[in-house]
Amino acid sequence: MDTVILIGQVIMSVALILAFVRVVRGPSLPDRVVALELFSTTVVGLVGVYAIKTGVASFLDAAIVIALMGFLAAIGFARFLERGGPRDD
Amino acid sequence: MIDFIKGTLIISGALFMLLASVGLLRLPDLLTRMHATTKAATLGVILVMLAAAMHFAEVGIVARSFAIIVFILMTAPVAAHVMGRAGYFVGSKLWSGTVKDELRPNYDPLTHELKSGLETQQNAKRQPRETDPD
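Residue numbers (the numbering used here), protein chains in the order written: chain A, -18 to 70; chain B, 1164 to 1297.
Derived from the structure by calculation, the hints contain no laboratory data.
From a predicted model like this one, the values you see are computed outputs, not experimental measurements.
Note that beta-carbon positions come from the ideal geometry of N, C-alpha and C, so glycine has one too.
Any given hint might turn out to be false.
Reference excerpt, derived from the structure (chain B facing chain A, CB under 10 Å, subset only) [said to hold, decoys possible]:
no. : residue
1   : ALA1177
2   : MET1180
3   : SER1184
4   : SER1228
5   : ALA1230
6   : GLY1254
7   : LYS1256
8   : LEU1257
9   : LYS1278
10  : GLY1280
11  : LEU1281
Generate coordinates for the entire structure from the input sequences, incorporating the hints supplied.
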């Protein structure tokens, strides 16, 4: 079981690195925001796997909060873009 | 047995998240990238949370992980819709192989106005009804 959890964590970390490449390279601001949203979703998965690994269920509360923050960040960025953010950077 | 199911759920969830970020990296424009990330990452989180629910197998924790699943399922489409709308309004380029863009002829990006194609003089005339209070 520990090996499986380690493999899962490695795969999710590779996913985080690939999303970070898109954050750095992304040609426009919406691309970066989408990449950050994927970032927060992947971190929720990582926290869930870590809760399984340690056996501490309270980490799931942290996962809820991270998901909420990612959603609010996406909504806030979208409002910022629609109300006269940078038109095309 | 339950360890096998948990391991399968964790590995497949992680693979779906990897698939989402590969799609984010490889696909050509904003909307196709969102198409990749929203669905695949949501499915990945659902699988991992099912594994957590099976691991702990207590009522409160199962309810909590199902709350995460429902929350992700409710917020991911909303966030994707809002981001796609903002990206279109900001003027992000569509892929060169895009077949159809029905908003392009009807939407004026400078004045932020949307036309329906039915704006004629005759349609603009007021047609009072019986129930109008006047």
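Here is how each hint holds up against the structure:
1. ALA1177: holds, 4 Å
2. MET1180: holds, 5 Å
3. SER1184: holds, 4 Å
4. SER1228: holds, 6 Å
5. ALA1230: Nearest chain A Cβ about 7 Å off; hint holds.
6. GLY1254: holds, 5 Å
7. LYS1256: Holds: closest Cβ of chain A sits about 8 Å from LYS1256 (chain B), inside 10 Å.
8. LEU1257: violated, 12 Å
9. LYS1278: violated, 19 Å
10. GLY1280: violated, 24 Å
11. LEU1281: violated, 26 Å
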